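> Residue numbers (numbering that gives the first Met the number 0), protein chains in the order written: chain A, 0 to 338; chain B, 0 to 289; chain C, 0 to 569.
Derived by calculation from the structure, the hints in this document are not laboratory data.
A quick note: this is a predicted structure, and the numbers were derived from the prediction, not measured.
By construction, the Cβ of each residue, glycine as well, lies at the ideal position given by its N, Cα and C atoms.
Worth double-checking, as some hints may not be accurate.
For the chain B half of the interface with chain A, some residues (derived, Cβ under 8 angstroms), not all of them [to be verified]: (1) Ala67; (2) Asp129; (3) Leu131; (4) Leu138; (5) Thr260; (6) Leu261; (7) Val267.
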Amino acid sequence: MNPLVRVVPNGTARHVLGRVGQAVLVLWAAYTVAFGVLYGLPGDPAALIAAGGDPANSSATPEQVAALRAQYGYDQPLLVQYLHHLGAAATGDLGVSPRTGPVAASLAQALPATAQIAALGLVLSVVVGGGLALLATYVRARWARQLLLSLPPLGVSVPTFWVGLLLLQGFSFGLGWFPAFGNDGFSSLVLPAVTLAVLGSALIAQVFARSLRAEASAAYADTARAKGASRARVHLRHTARNASLPTFTITGVLVGQFLAGTVVTETVFSRTGIGQLTATAVGTQDIPLALGVVVLGATVVVTVSLVVDLLYPVLDPRMRRTGRAPRRPSADLVAEAAR
Amino acid sequence: MSAATLDPRVDPVRRSTAPVLARLPAPGVVLAAAWLVLVVLAAAAPTLLSGTDPYAADTGALLQPPSAHHWFGTDQIGRDLYSRVVHGSSLSLRATLVAVAVGVCLGAAVGLVAGAAGGWVDAVLMRLVDVLLAIPSLLLSLAIITVLGFGTLNVAVAVGFGSVAACARVMRAEVLRVHGSTYVEASASLGVRRPTVLLRHVLPNAAGPVLVLAALDFGTAVLAVSSLSFLGYGAKPPTPEWGSLVASGRDFLGSGWWLTTLPGLVIVATVLAANRLARALEGRREGDLR
Amino acid sequence: MTLTTPRAAAEHDGHRSTPEPRTGQDRLLAVRGLEVGYRRARRTVPAVRGVDLDVAPGETVALVGESGSGKSTTAHALLGLLPPTARVTGGTAVLGDDPLLPATERGRRALLGRRTGLVPQDPMVGLNPVVRVGDQVAEVLRIHGLADAAEARERAVEALARAGLDAPEVRARQHPHELSGGMRQRVLIAIATVAEPALLVADEPTSALDVTVQRRILDRIAELGARTGTGVLLITHDLGVAVERADRIVVMKDGLVVESGPARQLVAEAEHPYTRALLAAAPSLTTRPLVEARPLPAAGASQEQEPLLALRGVRKEFALPAGGPRRVLTAVDGVDLTLVRGETLGLVGESGSGKSTTARIAARLLTPDAGTVTFDGEDVTGVRGERLRRLRRRFQLVYQNPYASLDPRQRVGASIAEPLRAFGLADRAGRAARVAGLLDRVALPGEVAERRPAELSGGQRQRVAIARALALQPDLVVLDEPVSALDVSVQARILELLVELQDDLGLAYLFISHDLAVVRQVAHRVAVMQSGRVVETGPTEAVFADPQAAYTRELLDAIPGSGGPAGARR
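Build out the structure end to end from the sequences listed, making use of the hints.
Following this line, the structure appears as structure tokens:
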């Protein structure tokens, strides 16, 4: 080590604690942003509640609306409402929706169904996307390579709802292999998960294939080739391990995308879950429920990113010992994955 | 050493020797551009592309598959689907452009300020962007629609806000890249004033990627806008919009495949064309500067 | 000025540039008519155009040329490491009795690593960052089935020890990022030699390393080659290294072998004008200074003359990237320097010695944490804003990389005129006239003003950067490694230009370089930096003839061919 560099010692425990603290801070800020959007933008939630989600057909009297306003605390200054809600949220109480009751309970009830399709979708995305990228960068025939490499850009250009409908058309109505809707058993998971995985695998394949191509021309790959290593060995043992690192870092964003994507998927497949709850919240302008969904989404993204960050040194020895923050994916990588 | 043979004056000044053919765009790019021109034409003057009334129900032709008379077939009350898609492009395209304008302008402004100002301004703005990135963009858009209510314009604004964070990140990275480049420092070391450096060197060199970003964002915005319109948050029926057209075909998956498939294909083609053009633009920029 | 002597002409039989047919046991590698082309926009651009090459067992052959000469492409073609855009279009190569070109992929793979070894160019990127170095060495044996896992591990440690790594057992368990550049290059040597190959290809093995490390690495390669009778193909751009290290030298230019022969003979009797130009330009072979030695200053002469630039006790610290333990790097630690008008001070040191930071402080691009910077009698340490901008007229900076220091979107003329415009020194017509004059001054044709930087060669761009620095008629120009990104023949021309400009305009130069040989050519005085401090300073000839600091001696010893052009090999 360079004698000019003074190292101020720092433990792993401190590093982990610091990252957890950072995550909590981001979560708090996300809550604040979501609260600001939902409560700060112009609109009269009490009138919406009184109208049952359809202001045009409201028959509520101004007195009824005022009573509701007082009941939900909407008559208080925004800051007071914010502090009140934040305090409650910190203890796990996400407020009460006028139609579906306590928000936290609704979310907890809906989460398992959504987690199932999201998890299956993620597994499919990793397997298919990773395999596609590995294959596309391995095949030598120009036409095959170009064909495989053109799939991911196609995958990110296709609307998710349309993919779901095509799958329904083909596999439920045409072939009758899978049920067209509902939450019953594994077979009802397959089509929604595949729908999510079309986008997910395309994203993974795009990022992974790009790093694979970059790593294949790295000098250490030439060193390996000069050892007499076969193409497959160079590809799998050397370039793939290094190329998987930036791909790993977009997992957090990807899981967030999946959670949001279930709004579309669950609508297409008429499933219950977080997505359907979100659709209800937006459709009835149910502000507490919408806040709950956004906070849940942010929690998932922040948690997964935190886990990815903490696991990173296991995959990349360069991040060990020094305790440096993991190599961040480049800005455009995040931007791309965030789409 | 002979001075004559090593005289720099005899060094040939390299000119671009690429044949004219190589400078012409690839066939895929031409096709993509042609498709986008067609879409813009459909949005600006739908009657040029379709003479049929999108709202006229032909009770004699319910749920007809595509034919020479009805290119995209007809829906359950006998309206011509091709005409509805052509007329729907106006709303869809306008919503997309509003979304891109909101997202790229706001994002680029935030990124530019953060990158150019540096220090605590940069730190605060970028932490804010990090926070926005932690909220999945579709959920953020949905939250905004929850408050603003339904409608095409609201959907457009919501989608635009959903992409501000990503745009800001790209713009800032670009400004920092140019700002940290040796030629910018060299310029300052020559005694050029800072505003002049920003205007003459940083902006022109950072603007190109923003153009590419806008083109890429266009494809993303088409997808997001049509998704929200599919969910029913856009224009009220019977006004045609690409996403809602697909949604209204949902009940006829078994009996009328064209109702969902064909409008969907139009969306896919538009997104693909925009992305292809964005990549061509990117490649051209890089090629110019190498 | 010719290097050919009558004696050499008499002895010379004219066969040198055609390969002598080698047969039987003394032939290890034989390349005949090798042709390689790069595919570019549906055309194939030839990079190697019919190269013949022989290496005998135990022999070291140097393949010398500038960038673009095809020397690395030749080596990569032999080892099947060409990029996808390149293809071997003709020729054959055999290694012993085995075909190397043309060969099936399987056939070539069986030879690579076992019968051949590659020492690549840049050790910082040549190792897989996520694999322990011991495993990377052992992998060679595992691929070829030469040892089981346990034995391979053991032999890997032995190979690391032979390559000159201390504590090889510990090193074997480390990852590349924990090793320095020199240590990584030793790991790469261990990889190349662990299977005791018959041929070692060393592709610019030291150009990315500091000079003191360079010498030890080259020694190690030579030792290992001698131990096992391995033939070495040494690819280098530095004729000095080639002369010192190789038995035979093959000079390449534009994909062709222009001349080849025994090393000493080639130096003494170079026939081809290109070889002669290379010999003349190779800084490490040139003892001819481009500047007249100053009359040795009488004691304290520099105090008599008011110094133009003076650094006193300058110190600069940098915080290392945050996120983990807080670390501080002291880049410059109490540096004193003075520079008088019309003088060149060479500031020499290896990477990380703080010389570039010192240059940037001198150019007032950085503010020191402690110490003072005095320019023409005025303390400019804390000057900022408009006053600093005004001062910039008088000192200018030329960067190492002419590819990065010019705005790619701006025409060359506008770049050169930029400082004139910034200070409102002339109207449009006046600026155009000044630009034309400046271009002429740096020996570039006037039409260059209309070009963009991408259309110019590296040497031309550096001339543009120099012209821009001269636009304001400064007193001092800080030159930060101004020639290290350029080919040697271009280097020589830029150095000549700099010296000529100094003589005509009375400029003072602060000349930063890692290359002692270059500094020797242009500097009146030299300051040697190590670890942020100046360890020695004095008149150039005195420092080179009688170095006082141990570190200076080490640097001088490390210059390739420091024993003289055809000096005895050790």
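> Does each hint hold? Answer for all of them.
The hints, checked one at a time:
Interface restraint check: B/Ala67 against chain A, minimum CB-CB distance 24 angstroms, threshold 8 angstroms, status violated. Below 8 angstroms, beta-carbon pairs count as interface contacts, and B/Asp129 has one with chain A at about 6 angstroms; its hint therefore holds. Of the supplied interface hints, the one on B/Leu131 holds, with its beta-carbon coming within about 7 angstroms of a beta-carbon of chain A, less than 8 angstroms. Contact between B/Leu138 and chain A, as hinted, is supported at the beta carbon level, the nearest pair being about 5 angstroms apart and thus within 8 angstroms.
Using the Cβ-Cβ criterion of 8 angstroms, the hint placing B/Thr260 at the interface with chain A is satisfied: the shortest such distance is roughly 7 angstroms. About 11 angstroms separates the beta-carbon of B/Leu261 from the nearest beta-carbon of chain A, more than 8 angstroms, and the hint is not met. Interface hint status for B/Val267: upheld, as the beta-carbon distance to the closest one in chain A is roughly 5 angstroms, under 8 angstroms.
Violation of the numbered hints given earlier is confined to hints 1 and 6; the remaining hints are satisfied by the structure.
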